[in-house]
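Below, each chain spelled out in residue letters.
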Amino acid sequence: MSSVDNGPGDEIHNPDMESSESISDEERIVDEGGQTNENTELDERTNTTDIDPEDIQRLVSELDGLVERLKAMDENYSPPKYSPQRLIELLEKNLDRLPLEYRMEIIETLRSSISEDLFDPDTWKGMWYMLNYYLEYQGEKFKRRLTGDYETDEWGYDPEFLDTIRPVFDFLYNKYWRVETTGLENIPEEGRALLIANHSGQLPWDGTMIGNAVLSEHSSGRLIRGLYADWFPRLPFLSSFLVKLGQTLALEENGIRLLEQEELVLVFPEGVKGIRKLYKNRYQLARFGRGGFVRMALKTGAPLIPISVVGAEETYISLRHTAMINKLTGLPFPPISLRWPWLGLVGLIPLPTKWYIDIGDPIPVDQYTPDAAENLILVSQLTNQVRNVIQKMLYERLAARQSVFFS
Amino acid sequence: MSEEKVILITGVASIWGERVASRLLAQSRMRIDSVEAGDGHDGEAGIHVIGVDVEPPAEEIEGLDFIQVDVRNPLFSELLKSEKVDIVCHLNFDHKYYRSEKAFDFNVLGTMKVIGACSEAGVKKIILKSSTAVYGAHPGNPAFLTEQHPLRGSKTYGYTRDMVEIASFCNGYCSQPTEMGLTILRFPSIIGPSADTPMMRYLNQRAVPKLMGFDPMMQIIHESDVVEALVKTIEEDIPGVYNVAADGVLPLQRLIGLAGKISMPVIHPIAYIGTDVMSGARLPLERIAPIEWDYLRYTWVADVTRMHDEMDFSPKYTALEILREFNSVQKINRYKGDTMKLYSDDEYLRFIIESRSRIREQEMNENEDVDNE
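Protein chains in written order, with the numbering used here: chain A, 1 to 407; chain B, 1 to 373.
Treat the hints as calculated values from the structure; they're not laboratory data. You may find that some hints are simply not true.
With a straight-line Cα cutoff of 27 Å, these simulated DSSO-like cross-link-like pairs (lysine-lysine) come out [unchecked claim]:
(1) B:Lys-155 - B:Lys-124
(2) A:Lys-273 - A:Lys-143
(3) B:Lys-81 - B:Lys-124
(4) B:Lys-102 - B:Lys-84
(5) A:Lys-141 - B:Lys-331
(6) B:Lys-331 - A:Lys-143
Here are some chain A residues pointing at chain B (derived, C-beta under 8 Å) [what the hints assert, rightly or not]:
(7) Tyr-150
(8) Arg-234
(9) Leu-249
The beta-carbon is built from N, C-alpha and C at its ideal position, and this holds for glycine as well.
Take these sequences, add in the hints, and give me the full structure.
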């Protein structure tokens, strides 16, 4: 009830029976759509200005009584919450039923009351509380970060940081690239597994999108531990960023240790050769490293799960590599592309292509002993097998794909 | 009673030598007391601790047999033979920042001569204290460095370079067939209330410099766990190389935060150029930038699986506890004024009174014995 009389502050003036009736009438307006006669009385009183605190008290108790009576009549009724917008809507609905002079008066009152709202200390008090709460929360978080009072695991994975950054990944995943993921059921609920994917697109966005797919769409919501290339640790910000997201350097020692900790490990065996592919070579898998990922799987008995990513190749259209720029920057990118360096920084924005991530059936390695990792022929055979599976998955998806940008 | 074990500790005037010696002696005293309390069960051998250094320890250690000698002395092996030394714990190292011939001679040649003298004198085992910095901080480092990892430590920081030199010499020595057991313990950055290590100096700065955009994983150990580990290797036969570090690996930013410090990010090319200029001018870098930038840029965390499994040692303090203790000590130091000095003087006086009265009692007892006879 108080939510009604706290409004523009112009109904509560005459503490006689009439006024209480008028309030009940307003109730009726809310309830049944309004009756014109009582509304006029309401507006007549808006110009009086004398307020007695005792009168207000009495009025409030009377209004509460009225609410009680109203509830007795109709149990399901509850007055809608007060807000200036709702009041305006209500008045707009009933305005044309009023005589002209009253209408003008109402509009006048409304105008003044809404600007009065801004001058009402309560409004600012509310905003102040909200702002304070928000700042306090953020301040607490900042203070916690500053005093090191947050969790990290031995690899440097920082769950709080991931939660902060997740909305960006979700936007890219759902809105920007509209990623469609199939075969998520092939990823185990728990236990070790080694994911192998094709690498493409100049910047390692494909890894983040595979990670986001499992994080947000798989029933377990597991974190994927990606293994990144060895030129990342030299770069400021990017290196610590990747470490905070639970990624680590692509070394056999790291991969084996992660798999022994029953983690999901993602590798891109093509490495830099995959990511810096030219546009004319798109979706043609490069050499699959030296088979290190197969050794990792054989030593730990982790199943190999092939993944194909389609759409990432077209995010940048790279035409040519220039050794000079690569040497100057020390990075395998950026190449000369359709947009870079001609369009400046615009050339760095990936194109909004349509992505498909397909997760294939796991290839078990249970039949081999850990010693098989030393068997060079077996390792190269398995490497080729996985490579062929991913290449086949890529061709299947490309054949089914209608358009690069639309689904 | 079986024969007494003779333990020789080099560098006994340094904090590590002093603490290991007093820890060993305290332990043996406790054992003797318990043996005397129980009825004559003296199966365990007593120990005799000899301390060796070029200068005597600042505070006298009760029960320590101190010999003032330089370990580089060619007659050192004669001393080992005549004293029938069983175990040598070599802690005689110079922690200089800058490389110098003097420090190299002291650290590397000193260690070589000690190992040579020990094998000549038939010492049963020798224990060396080393650092995980010998692995080096490199972008290609695995997240956890095992003991077999190649040693690619920094060549600029004198102490680290000498440690790498010693480690490669020891590797060569271990490949030969030998009777003598050699244990090398590699410790990460040491933190503790009385330690004066690069990490302590680094964290003791007002604003802790850090490379902007780099947040490597760091590993630490408490000073008392260093002593515990050394004592354990002295008491048990565990030859080999072991990484010894506290449980818990933390990102540098979190480590600084937990230590109660504010980090000051520096753009990395500027930081490198700055230290190059400063070292060119021979400024006291061990105070300004005690840890090399590479060690604050790339990860150099050691794998402690072997410490848990084979050495069967688990440090008492976890990384979080170490930093919490550091933080509280720092806070107390803020309120320490001249009154605390008086307080510590008070303690010192009490120690003197007690030790003097104890000596007087002993003398009186001896006199009584003489009288009785």
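| request: Provide an ascending list of the numbers of those earlier hints which the structure does not satisfy. | output: 1, 2 and 4
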